[in-house]
Each structure stands twice: as structure tokens, then as C-alpha cells.
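Student: If you want the building blocks of each chain, they are given just below.
2 protein chains.
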Amino acid sequence: MRDYTTQMEAAKREIITPQMARVAEKEGLPAEQVRKLVATGQVVIPANKNHRSLDPQGIGRGLRTKINVNLGISRDCSDIDLELEKVQKAIELKADSIMDLSSYGETSFFRKKLIELASVMVGTVPIYDAVGFHMKELSEITADELFDVAAEHARSGVDFMTIHAGITRSTMEHFKRTERQTGIVSRGGSLLYAWMEETGKENPFYENFDKLLEICKEYDVVLSLGDGLRPGSIHDATDGAQIAELIVLGELTKRAWAESVQVMIEGPGHMAINEIAPNVLLAKKLCHGAPFYVLGPLVTDVAPGYDHITSAIGGAVAAAAGADFLCYVTPAEHLRLPTLEDMKEGIMAARIAAHAADIAKGCKQAREWDWQMSEARAELDWERQFQLAMDPEKARRYRQESSPQDADSCTMCGHMCSLRNMKRIREGKRVQLACN
Amino acid sequence: MRDYTTQMEAAKREIITPQMARVAEKEGLPAEQVRKLVATGQVVIPANKNHRSLDPQGIGRGLRTKINVNLGISRDCSDIDLELEKVQKAIELKADSIMDLSSYGETSFFRKKLIELASVMVGTVPIYDAVGFHMKELSEITADELFDVAAEHARSGVDFMTIHAGITRSTMEHFKRTERQTGIVSRGGSLLYAWMEETGKENPFYENFDKLLEICKEYDVVLSLGDGLRPGSIHDATDGAQIAELIVLGELTKRAWAESVQVMIEGPGHMAINEIAPNVLLAKKLCHGAPFYVLGPLVTDVAPGYDHITSAIGGAVAAAAGADFLCYVTPAEHLRLPTLEDMKEGIMAARIAAHAADIAKGCKQAREWDWQMSEARAELDWERQFQLAMDPEKARRYRQESSPQDADSCTMCGHMCSLRNMKRIREGKRVQLACN
Chain A
989 MRDYTTQMEA AKREIITPQM ARVAEKEGLP AEQVRKLVAT GQVVIPANKN
1039 HRSLDPQGIG RGLRTKINVN LGISRDCSDI DLELEKVQKA IELKADSIMD
1089 LSSYGETSFF RKKLIELASV MVGTVPIYDA VGFHMKELSE ITADELFDVA
1139 AEHARSGVDF MTIHAGITRS TMEHFKRTER QTGIVSRGGS LLYAWMEETG
1189 KENPFYENFD KLLEICKEYD VVLSLGDGLR PGSIHDATDG AQIAELIVLG
1239 ELTKRAWAES VQVMIEGPGH MAINEIAPNV LLAKKLCHGA PFYVLGPLVT
1289 DVAPGYDHIT SAIGGAVAAA AGADFLCYVT PAEHLRLPTL EDMKEGIMAA
1339 RIAAHAADIA KGCKQAREWD WQMSEARAEL DWERQFQLAM DPEKARRYRQ
1389 ESSPQDADSC TMCGHMCSLR NMKRIREGKR VQLACN
Chain B
989 MRDYTTQMEA AKREIITPQM ARVAEKEGLP AEQVRKLVAT GQVVIPANKN
1039 HRSLDPQGIG RGLRTKINVN LGISRDCSDI DLELEKVQKA IELKADSIMD
1089 LSSYGETSFF RKKLIELASV MVGTVPIYDA VGFHMKELSE ITADELFDVA
1139 AEHARSGVDF MTIHAGITRS TMEHFKRTER QTGIVSRGGS LLYAWMEETG
1189 KENPFYENFD KLLEICKEYD VVLSLGDGLR PGSIHDATDG AQIAELIVLG
1239 ELTKRAWAES VQVMIEGPGH MAINEIAPNV LLAKKLCHGA PFYVLGPLVT
1289 DVAPGYDHIT SAIGGAVAAA AGADFLCYVT PAEHLRLPTL EDMKEGIMAA
1339 RIAAHAADIA KGCKQAREWD WQMSEARAEL DWERQFQLAM DPEKARRYRQ
1389 ESSPQDADSC TMCGHMCSLR NMKRIREGKR VQLACN
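Quick mapping for you: the protein sequence lines, in order, are chains A and B. Note that the first sequence covers residues 989 to 1424 in the working numbering. Note that the second sequence covers residues 989 to 1424 in the working numbering.
Only chain A is shown next, with the shape it has when bound in the complex (with noise of 0.2 Å):
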């Protein structure tokens, strides 16, 4: 049995754990310094005492940038057998977490088959839940309900909860007196937001925040600091109410990591570029250093259809900046609830975002895995290629539908192919370009 509650508490009393020494042979960095990083709360490493079959990963300063898969069941859909089939196919797409948003029927039966399979993290948001697991309108719940729920999230193996703490009365003023154009867009924000003005009561999770670090504690769940006012467009970026409610999770990650949880801090949303980097800074700083998950962020307002590419473009940059974990959106994103193949797409988009900001940070694996890549283009080596791509199996496919002739290239560039024609010079031959 271990005598450590947390992970952040084995840390900081210098036991180095299975988890810790796991993370550290995946990230290839010695275990020393992943309990380091996990004692001083710069790293998380989400793992349920109750999640048996995790194969633990870390987020946070120093390691790789990892990305978050969302599905679930809700009342549009309900089709249990499907969402599984979409776990199973997230995690063969290298996905490092999966969270359950499901709002709507089987729940608790969906999260336990879902725990059960997952090798990768799971989280989950408790009060999307709590309208179905008490049979009860919102406001009807009482504040002592909603923690039941994320006990028995807890229980149930989730790996890291997010929880809406920093909507209280006095950030809900800041919000108020901020002239919004879309309001509060984070659902979890909202349903918070619905409660206290339907109960004129005090957000629950702020005002009994140790209750909610106890459950916390019990499990090692980790806790992801919801931003329930992050800007749902361009023009809301970066007001008033989001740096207030900033600065709540500041407080309140001081308080959790006291008790030694561990937590992660969630950012926005949608943002201009220029704003990016300037918001993982203040992140960093006003929560001091706590690894930064992000949703997004979409650069423009303008593309649904393709909000996987305006969410990579912003993911990326923001990872580049220090953000350490980022949520996928996919091409259904202010559409409609993804099918498999949106999901194929926005993990593709979030994996790329991931690795080319890993490539900005100097991570070696990722510089590595560019190198080898480029090393069999340079040699038109197209089964080497092909096996090192992201997506071996589209990379092949795109070759195949289209022959070109003369088969070390491609039809590209074809018999002007730079590479072939450069290979062609070092190996002492001429060029051969006219017409035979």
C-alpha cells in the first residue's frame, strides 16, 4: 500500500513514484527532475487511485505538450456503443486524454466502460452531470449535491475534474460591468452562473473550497481550474472579467497545492494571435507556473467548418508560449456534435499544434522525429517516409491516387522534382529535363 496521498505529496516528501518514474522514461528526462517539477506543482501527473488501467502521463514545463479528446453522450446523442468506438479510435490516434463531457442518460455506466478502456487520462466537467445524476431542475440542487457529484466522479476513477471555481459574486460583477459581446460561452461557466443567479447563493466550489480539495485528495484527482468567462470572441478576449476571475484561480492553486492537489489551470477560447502569447504569460504568472490548459484558442470567429485549423493555429501558438496541454476542437466545432471522422480531423490538427510547438520549445524528441522525416525525403525514401508520417495511412493513400512518372518522385514537382535533380548533381550526373 502506498503511504503518500497525492502525487504532489510523495513529491514533495522526495518519494519518487511509479507514475513520476514513467513519465520521466516517456519524456526521456530523469526521474529527479519530473518529482521536482510535480513537488513544486509546475507539473501534474492526473492519476485516480482508481484508474487500474492508466498508462500515467504528465503535463506541464518541460515535457511534451499533450492533447485532449472530448466525447461523451448527452441528449442529442445517446448512442453509448458509438461514443466507445470513438475512445478506442482516440486513443490508436495518440491521443493522451480523453474527457467525458457526457450530460444525458447512462452516464455513470458510460464513465465506468470509459475508465475501464482508457490507457490514456480521463477527465470529466461534474456539473454537466449534476442535473441527471440528481433527476432535478438546476436550481433545486443544493450545494452540498453538486459536491456529490464530483465525489462520485472521484470515485469512479476520473483522473482531473474541472471544476468552475473562479466564478464567484465578486467576478460575476466584473462580468457584469464588462460590455460582452458573447456573454459567458463556457457551458460549465454558465450552468455556475445560472445557479448563483437563480439561488442568489455564492458559487459552492469557491466558498467550500476545501471540501472540494478533500475529495480532491482522497482520489489524487487532479484539479483543472475552469475559466468560466473566457471570451467566446475575438472582441471579448482579454477584459476585465476574465483577468478577474485569473486571478481567483491564482489564489485558489496557492490553497490547493497547501493540501498538496495538484492542479492545472484551462484558458481560453477565442483570441487574436497578438494576444496569445501575453495571456500564457499572465497565466503563468498570476497562477504561478501551474501547467496552462488550453481550449483553443480559435483565431478567428469567422470558419466554422474548419475550426480545427483556426483552434491549430492558435494551440499552437499558444503551446510555443508555454501553455502545456490543449484541448482538440474539430470542424464541427459551433456546428454540431463531431462524428468520427471530425474527430479524426481535429486530433490530426491538435497533434500537429502539439509537435510544432514541442519543436519551438527545443524538445529533442520532437526535433528528432523532423529529422528523421527529412532525412528520408532528402533521399526520396517514400516507405520510410510514408511509416514516419503523422497519418502514415493518408500520407500513402495521397501518393497512391496519383503516379507519377518517374517513380522516385512525385507528381508535384515530377521531373523537376528539386530533390531528385539536387541528388542527381551530387551523384556527378546531369540533370535530364527535356522532353524524351
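Read the hints as simulated data drawn from the structure, not as lab findings. One thing to keep in mind: the hints can contain errors.
Since the list gives no way to pick one copy over another, a pair counts as held whenever it fits inside one copy or between any two copies.
[As the list claims (entries may be wrong)] Result set (BS3-like, lysine-lysine): computed pairs, CA atoms no more than 27 Å apart in a straight line: (1) Lys-1411 <-> Lys-1124; (2) Lys-1417 <-> Lys-1124; (3) Lys-1382 <-> Lys-1332; (4) Lys-1037 <-> Lys-1199; (5) Lys-1077 <-> Lys-1382; (6) Lys-1014 <-> Lys-1205; (7) Lys-1352 <-> Lys-1382; (8) Lys-1164 <-> Lys-1411; (9) Lys-1189 <-> Lys-1411; (10) Lys-1417 <-> Lys-1164; (11) Lys-1417 <-> Lys-1189; (12) Lys-1205 <-> Lys-1273.
Only a predicted model underlies this, so the values are computations on that prediction, with no experimental measurement involved.
Based on these hints, arrange chain B on the given structure of chain A.
Tutor: Chain B only, in chain A's frame:
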């Protein structure tokens, strides 16, 4: 009859040409401001005297970021009708420019057709056409004959020509001393390199640069100084060879401006995110603020099949940092010639990158579009959202494929839609979440 040679000459003589007036109108700027920017070379207006169907666009500082589409006939694709269909489609999808990279077959015929059809700017790379034009092997073509191709392109109405005048015997020495992974990946660059290696001569476009300027001046062709030594892998970015060439391009820019020939500078290539802004700065400084035209940059080498995304990331970062013109990249890059569908994906990705950068640059027209979209979103006005979407057809199709139980929301969040619930709160209604 106009009494000036080029837009730049007119601008220097304080003449506001019809082209400047039209660009000013499109950009929402005073014509006098556009004139000044053209006079100092900070903006170019590619408008060949013989391109009669052109609706002129400007490229450069203070203007919206423009995007270019590549197409053309080659040995592996000689279907002129298909390429002309692409031209129509590219214009429909709001490409600002089309580069005809034809390298084989009836290139003169295709170019003529393209220029007749295209209301957008047309660019070419004359060296691609040299072997076919003269029906000779590359090394047998004389320096004068290389100019003949450029002169013919200019005469036919091409608005800008890529000329790799910076690959000189001196920069080649830098190249040979640089340990490159992927050598020269610019097609035009590798052809000139091969020509120089095989003939032992200096680059004629460098050696006899004045002759090139005469051609450009006669028809008012913008000289797009090509980056023959651009990096073809993350490893090769920002090396001595690349920067040595850029220094030469900066010197040539001054010489062109002295003759009132308009100039753009072409840029990388493959490049880590953190190197992009410094590279834009370097290009703008070394080349005296001439408009910067980038291909990519692709921010990783490992995602063939998704290079529209790797380049949307790089292009957005580059344009936000000051690049003015983005060359599109399609999912087929590195694998095969793009299909019509690939072209569409490439255009949408490039438009997103350009638009996101314009938002970051504070461009009023760009921000207004996002404002309108977010107004429609906050109001759950779906029809207006489709109309404002960058791709109305895809946005509409996605939503129609999946109908929500609550008609005002979408299946993504369903009854938990934050916009819907915030609207209810504003209207003094209670949110209704419990199952009915």
C-alpha cells in the same frame, strides 16, 4: 495613354493611378496613402499593362494579407481543361492571385487563357518554362535565352515573376559550406544551381540584372525575388546560406527601386514557430520594407497529408509578424499534384491564416467581420452565421447533417448551450435542463 512606366514611377511623380485608386477603395484607405506606400516600395500593385481583365490588388504594409494559389500543366498533368476549372474555382473561393507553374506542354496557350480569364493577379516562374520554351536541355540554354523566356512571360501579361537572382556564385559558396539536410528544395533555385554547375557561369539574372529590370519596366511586372536557398526542413531553417541570399536580395531591391521596378521578396519554407517572427523582421530589414511573400512556413516536416494545416500555422504567425502575402499549401504537398478538392482545402486554410493575421494586425475590415459573426452567434441566428461563414456551404451542410432537439441550439451542447441559457437569463427566464 498613360505617361508613366510603372506604378512605382507614377507614385514617385505623385500621380494617383486608377490602380492605386482601386486598391485604396478595396482596402478602405485614402488613395494618397496607397500612393505613398507604392512610391517607397512598401506596397506593390502587380498590374501588367497587358493584363486587361485584372481587377488590381495591392500587397504590402498596411493592407490586408493576400493569398496565392499555384496551378499549371506539367508532364504528370497535362489536362488544360482541369487546370482552367481550377482557375475558375480559385477565383470563386477568393484567391487573390494565381501562379501558373506550368512546366511542360502547351504552356503558352495555357498562360494566355489564364490571363484572359483571371481578374486576379497572375504570377509565373519563367525558369520552369525554359526547357519547354526552347526545346533544349537545361545546360544548353544560353543566358540570353533565359531572358527570352522572362520577356515572353512579361509580354503575355504576367503581373509578377519569380526570379531567383540571389543564387549567385558567392551565395553558392555559402551554401556549399553550410551543412544542409535537404539541400536546395526550391525548384527554380535547383534549376539555376544546376545550370550554373553545368555551365560554370554566374547566374545571368544576377549578372545582368539591369536587363531583367528593363523587361519588368516595359510591362510593369513586379519582380518577385525568389528564395532559391529557402530551407526544406526544420533543421535547415535560418542558416548562413539562406541569410546570405537574403542580403543579396536586399541589394537587388535597391537597384530595382532606383529604376522604379516594383519588388516583392520571397521567403521560407520549413521553419520552427519561434524562428518565424525573427525571419520576417530580418527580411523586412534587409530588404528595406519590401512586401514579403512566404511559402508556408511549414512548422513541422512530419505531417504530409496535412501541410495545409502546418502552413496555416506558419503563415498566420508570419503574417501577424508582418508578412504580406501567403502562398497556399494543400494537403497534397510533398505527395502529389493537388486535386480540385485539395485546392479548396488549401485556399480555406490560407484564407484563415491571412484573416487571423489581419485581426492580429488590427485591420478594421477583418475585425468587423468577426464582430458581425459573433453577433449572429450570440443571437443564435443560424442563417446569418452561414452567410457570414468563410465557407457558407460547409457550415450549412455540417449543421443540417445533425439536427438538435432544441432547434435554437446545435447538437454540440444541445440543451446545455451556454448562449441559449445566457439568453434565457437575460430575458428573465429560468434555464430548463431537467429531462421532460
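Student: Each hint needs a verdict: does it hold in this structure or not?
Tutor: Cross-check of the supplied hints:
no., hint, verdict
1, Lys-1411 <-> Lys-1124, "between (71 Å within a copy, 21 Å between copies)"
2, Lys-1417 <-> Lys-1124, "between (79 Å within a copy, 17 Å between copies)"
3, Lys-1382 <-> Lys-1332, "both (11 Å within a copy, 18 Å between copies)"
4, Lys-1037 <-> Lys-1199, "within (19 Å within a copy, 76 Å between copies)"
5, Lys-1077 <-> Lys-1382, "both (15 Å within a copy, 25 Å between copies)"
6, Lys-1014 <-> Lys-1205, "within (25 Å within a copy, 60 Å between copies)"
7, Lys-1352 <-> Lys-1382, "within (26 Å within a copy, 39 Å between copies)"
8, Lys-1164 <-> Lys-1411, "between (65 Å within a copy, 14 Å between copies)"
9, Lys-1189 <-> Lys-1411, "between (72 Å within a copy, 21 Å between copies)"
10, Lys-1417 <-> Lys-1164, "between (73 Å within a copy, 18 Å between copies)"
11, Lys-1417 <-> Lys-1189, "between (81 Å within a copy, 18 Å between copies)"
12, Lys-1205 <-> Lys-1273, "within (25 Å within a copy, 55 Å between copies)"
Violated hints are absent here; each numbered hint is respected by the structure.
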